[in-house]
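Student: Chains S and L, in that order, give the protein sequences.
Just so we're on the same page, our numbering is the position in the first sequence counted from 1, plus 535.
Just so we're on the same page, our numbering is the position in the second sequence counted from 1, plus 72.
Computed Cβ-Cβ distance ranges for the label pairs, DEER-style:
id: 1; chain 1: L; residue 1: 95; chain 2: S; residue 2: 583; range: 45 to 55 Å
id: 2; chain 1: L; residue 1: 190; chain 2: S; residue 2: 679; range: 45 to 55 Å
id: 3; chain 1: S; residue 1: 583; chain 2: L; residue 2: 210; range: 28 to 38 Å
id: 4; chain 1: L; residue 1: 280; chain 2: S; residue 2: 623; range: 55 to 65 Å
id: 5; chain 1: L; residue 1: 100; chain 2: S; residue 2: 702; range: 17 to 27 Å
id: 6; chain 1: L; residue 1: 253; chain 2: S; residue 2: 672; range: 47 to 57 Å
Because the hints were derived from the structure by calculation, they are not lab data.
We put the beta carbon where it would ideally sit given N, CA and C, even for glycine.
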Amino acid sequence: MNRGDPETDARRRFGTLCEGLRPDLLRFAFWLGRDRQLAEDVVQEAMLRAWKSFGALEDETKAKSWLLTIVRREFARSFEKKRLEVADLDALVAAEAPVLAAEDDGDLAAMREALFRLDDDYREPLVLQVMMGYTTQEIADLMGLQQGAVLTRLFRGRARLRHLLGLAPESAP
Amino acid sequence: MTGCLEFRRQAGAEPARSGPEFDAHRRECPACARYQDELRAMDALMRRALAVDAARLALPKPRAAGSGDGRQRWYALAASVVMAVAAGLVLLTSAPRESVAREVLDHVAHEPGALTASQPVAPAALAGVLDPDGTRLRPGIGDVSFAARCVHQGHVVPHLVLRRPEGAVTVLILRHRTVDGPLRFEENGFAGVVLPAPRGSIAVVGRDHPDLEGVARQVFEAVDWGDTIPAAG
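Work the whole structure out from these sequences, hints included.
Tutor: Encoded structure:
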C-alpha cells in the first residue's frame, strides 16, 4: 500500500474516521430532520465539507464533535435553503413509518413516534444526551447554549415525552 | 437540602444523576425515587428507539419492472450486464457528462499515488478493505497493488488497483451508487466503465487499455458480492 503519499494517508485516515462515525452521524441527522433523504444529503454534504477542512482538525480524538458540528450547520443550511416547513406531523410519521416500526415491540414504536412529535428544541438535546452520550456541558457547547438552558430543555423534553407516551399529564414534573 | 421539586427537575434533566444530597432525598422520598426509576426506564427505551439500524435509514431503491424475487431479478440483471458487455458497450459519450463518471475520474485523478504503488497488497489487508462491504475478490484476476477504503462523495468505498498484463486498472466498488445500465466514458487518456452491480455499481478505470470492456467484465465476475441480495422492493 502506498503509505508515503500524504494525500493518500490523509484520505485513508479520513476514510477510517468517517466510516466509524457515519452511522451515528446519519442517525443524528435523521432524528434532527426526521427525513431519511434529508439526513443522507446533509451527511454527504457535511463529509465533503469536512474533507475540505480536514487539515484544520488538530486533534482527531475530537473528530466526532467536529463532524457533529458540521452536520448541524449543514442541516441548518439545508433547512434554510429548502425552506422546509414541518406542518403535518402525521405525514412525517407516515413517511418514515419503515424506520419507526419496531416488530413485536409496541413500546419501541411508540417511543419513536413520540420522539418524532417532540419539538426540535427538546429532541436535539435528548438525542445528543441519550444516543450520543454527551454531558450537558458538551451539549451546551455544541448547541451554543448555556448549560442551564440545556438542563431546562432536557427536563421539559422528558416531561413532554412522558405526556406523549401517556405516562403522566404534561404539567406533572 | 434537595426538595421534591428540585429533585425532579434535576432527575428530569439527567436521570442517571447522583450526588450526596440528591441521593439522600431519593432515600427519604419513595415517590421521587419511583419517579427517577421511571425516567431511567424511559431513557433505556429511548436509547433503543434512537439507535435505529443504519441499514434502515438507507433509502429504498426503485423497484425494477416485472415480478420475481430479488435473486431472480439479480440473475436477470447479471445476465443483462454480461450480454451488454459481451456485445460491446455502447459508447454513451466521449466526455463524462454523467455525474458518476465525473466522480470516478475525479477520485482517480486525486489519488495518483494509488496507481504508482507496485507491491502486492497482503491478503489480510485486502480483506480488511473488502470485508466491511461484504465482498471478496476471487483469485486470478490480477495482483492487487493498492487497496484502501476511501471517501468518495461522502461515502466510504473500496478502492483497488489491479495489475493486469495489459496494464493497471482502478476499481471502485460503489455500493451507494446505482446506474441504470452500463456506462462508458473517456477523458484525458483515461477510459472507464461503470456497471450495475448487485449492490450499487462497480467502476473500472484504465489508461490506454486496448480492451477495457473485457477487463471490466472479468473484474465484475471476479467480485464475490456475498450472500446479500438486494431486498425485494
